[in-house]
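Using the sequences plus the hints, can you model the full thing?
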Amino acid sequence: MSKEKEEHINFSKEAFLYPINLVCLLAGTVSALVFSGVGFISSTILAFTFGAELIYLGVVPNLPAFRKNIRLKKKKERHEVNGDKTLFHGLDARSQKRFLVLKHITKEVRKNFETLPYSSQGMLDHIRNKMDDLLSTYLTLLEMNRRFQVYMNSEVEEEIRRKVAEQEEEMDTTESEKLKKPRERRLQILKKRLKKFDVAKEKYLICETHLETIEDAIRYIYEQSMTMPNAEDVGLQLDHLVTEMEETTQIIEELDQDLMPGFEDIDHELELAELRKEAEALHKETEQKVKTKT
Numbered sequence: 490m491s492k493e494k495e496e497h498i499n500f501s502k503e504a505f506l507y508p509i510n511l512v513c514l515l516a517g518t519v520s521a522l523v524f525s526g527v528g529f530i531s532s533t534i535l536a537f538t539f540g541a542e543l544i545y546l547g548v549v550p551n552l553p554a555f556r557k558n559i560r561l562k563k564k565k566e567r568h569e570v571n572g573d574k575t576l577f578h579g580l581d582a583r584s585q586k587r588f589l590v591l592k593h594i595t596k597e598v599r600k601n602f603e604t605l606p607y608s609s610q611g612m613l614d615h616i617r618n619k620m621d622d623l624l625s626t627y628l629t630l631l632e633m634n635r636r637f638q639v640y641m642n643s644e645v646e647e648e649i650r651r652k653v654a655e656q657e658e659e660m661d662t663t664e665s666e667k668l669k670k671p672r673e674r675r676l677q678i679l680k681k682r683l684k685k686f687d688v689a690k691e692k693y694l695i696c697e698t699h700l701e702t703i704e705d706a707i708r709y710i711y712e713q714s715m716t717m718p719n720a721e722d723v724g725l726q727l728d729h730l731v732t733e734m735e736e737t738t739q740i741i742e743e744l745d746q747d748l749m750p751g752f753e754d755i756d757h758e759l760e761l762a763e764l765r766k767e768a769e770a771l772h773k774e775t776e777q778k779v780k781t782k783t
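So for the sequence shown, this note's numbering puts the first residue at 490; every next one is plus one.
No wet-lab data here; the hints were simulated from the structure. Honestly, I wouldn't trust all of these hints.
Stated by the list, open to error - Quick list of in silico lysine to any residue cross-link-like pairs, SDA-like style, CA-CA up to 20 Å:
(1) 690 <-> 581
(2) 681 <-> 693
(3) 681 <-> 709
(4) 773 <-> 648
(5) 690 <-> 636
(6) 600 <-> 709
(7) 680 <-> 653
(8) 563 <-> 544
(9) 502 <-> 554
(10) 600 <-> 581
(11) 562 <-> 506
(12) 557 <-> 540
(13) 680 <-> 709
Unchecked claim - Simulated restraints, written as ranges between beta carbons of each label pair:
(14) 673 <-> 771: 42 to 48 Å
(15) 590 <-> 660: 26 to 32 Å
(16) 596 <-> 537: 52 to 58 Å
(17) 678 <-> 773: 25 to 31 Å
(18) 665 <-> 574: 17 to 23 Å
(19) 574 <-> 715: 29 to 35 Å
Just so it is clear, the structure is predicted and the values come from calculations on it, not from any experiment. C-beta: ideal position from N, C-alpha, C; glycine also.
Dropping the structure here:
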C-alpha cells in the first residue's frame, strides 16, 4: 500500500472497531449495569473499562504488527472492490499466460485433493485457502511488475541523465556564486529523481523473486498431491505442505510492504514525461504552422 493511502488509514479507529475490543467494551458496560445497585462496584468497573480502553487505544494503533495486519486487510478489501478480473485484463499477454498457467496448476491440485480421504479434508481446506491467497497475491505482483517495467522502459531516465550531465557541465563553467547555488540545488533534485530508477529496478527484481517463489510453492504442492497414494502417507505429507505454505505466505507478507510505496511518484514521473512530450509536439506543430503562413 502506498504511503499516501496509508496516511488515510485511521489506525485508532481500526483498533477501536476491532471485534475483540468491542466485545470487551460491551462486557464491561453490561457488567457495570448488572452491578449498578451495588455500591461503588458499577463505577469501579466502568472506570477500569474506560481506563483500559484508553491504554489500549494509546498502544495498539502504534504497534507495527497491528498496522501491518490492517494494511493487509485494506489491501485485500481494495482487491475485492477492484476485482481480480480488472487486474488480469490490465496485464500484458506474457503476464496473463503466467497467471493462467499457475491457476491451471491449482485446479489440478484441487482435483488430486478430491481423491484423498475425507478425514484429511479439514487440512486440505486450509491449503486450498492458502493457495487462493497466493494466487491473488501473484496477480497483484504481476500488476506491480508491469508498472515497474513501464517505468524502467520509459524515456524519462535517459532524459534526466542528459539533464544531469548538462547541469554538471554548466556548474564547471559557472563562476558566479549566486548562480552556482540554484544550479547546485537543481542538480541535487535531478540526482534524487535519478535514484528512483535504481530503486525501481531493485523493487522489480524483488517482485520477480516473489513471483518465482509463489510459482515454486504451487508447483511443489502439485508434485506432492500426485504422490499420496496411501492414506497413512497423507497426514505426514500434508503437514509438510502446510508448513511450506505458511513459510511462503510469511515471506511474501514480510517483503510485500517493501514493494508497495512509491507508485504515486513513479506514475507522476511518467505523467510529467507524457505532458512534456505533448507540449514539445504542440510547440513544433505551432512553429510549422507559423512558417507555412509566412
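Here's how the hints hold up against the structure:
Taking the CA atoms of residue 690 and residue 581, the gap is near 19 Å; set against the 20 Å cutoff, the hint holds. The suggested pairing of residue 681 with residue 693 holds, with an alpha-carbon distance near 19 Å, which does not exceed 20 Å. Annotation: proposed proximity of residue 681 to residue 709 is violated, straight-line Cα distance about 42 Å (limit 20 Å). Taking the CA atoms of residue 773 and residue 648, the gap is about 19 Å. The hint holds against a cut of 20 Å.
For the given pair, residue 690 sits about 11 Å from residue 636 by alpha-carbon distance, which is consistent with the 20 Å threshold. About 15 Å separates the Cα atoms of residue 600 and residue 709, which keeps this hinted pair within 20 Å; it holds. Restraint check for residue 680 and residue 653: satisfied, since their Cα atoms lie roughly 7 Å apart, inside the 20 Å limit. A threshold of 20 Å between alpha carbons decides the hint, and for residue 563 with residue 544 the separation of about 25 Å lies outside it, so the pair is violated.
A hinted pair counts as satisfied when its Cα atoms are at most 20 Å apart, and residue 502 with residue 554 qualifies at roughly 16 Å. A threshold of 20 Å between alpha carbons decides the hint, and for residue 600 with residue 581 the separation of about 29 Å lies outside it, so the pair is violated. Distance restraint check for residue 562 and residue 506: the Cα-Cα separation of roughly 14 Å lies within the 20 Å cut-off, and the hinted pair is therefore satisfied. For the given pair, residue 557 sits about 26 Å from residue 540 by alpha-carbon distance, which is inconsistent with the 20 Å threshold.
Of the pairs offered as hints, the one joining residue 680 and residue 709 is violated, with about 44 Å between alpha carbons and a cut-off of 20 Å exceeded. Checked against the hint of 42 to 48 Å, the pair residue 673 and residue 771 fails, with Cβ atoms roughly 32 Å apart. Hint check: residue 590 to residue 660, Cβ distance near 52 Å, so the stated range 26 to 32 Å is violated. Evaluation of the 52 to 58 Å hint for residue 596 and residue 537 yields a pass: the beta carbon distance comes to about 54 Å.
Between residue 678 and residue 773 the beta carbon distance is about 27 Å. The supplied range of 25 to 31 Å therefore holds. Our hint of 17 to 23 Å for residue 665 and residue 574 is violated, since their Cβ atoms are close to 59 Å apart. Restraint check, residue 574 to residue 715: a C-beta distance of roughly 30 Å satisfies the suggested window 29 to 35 Å.
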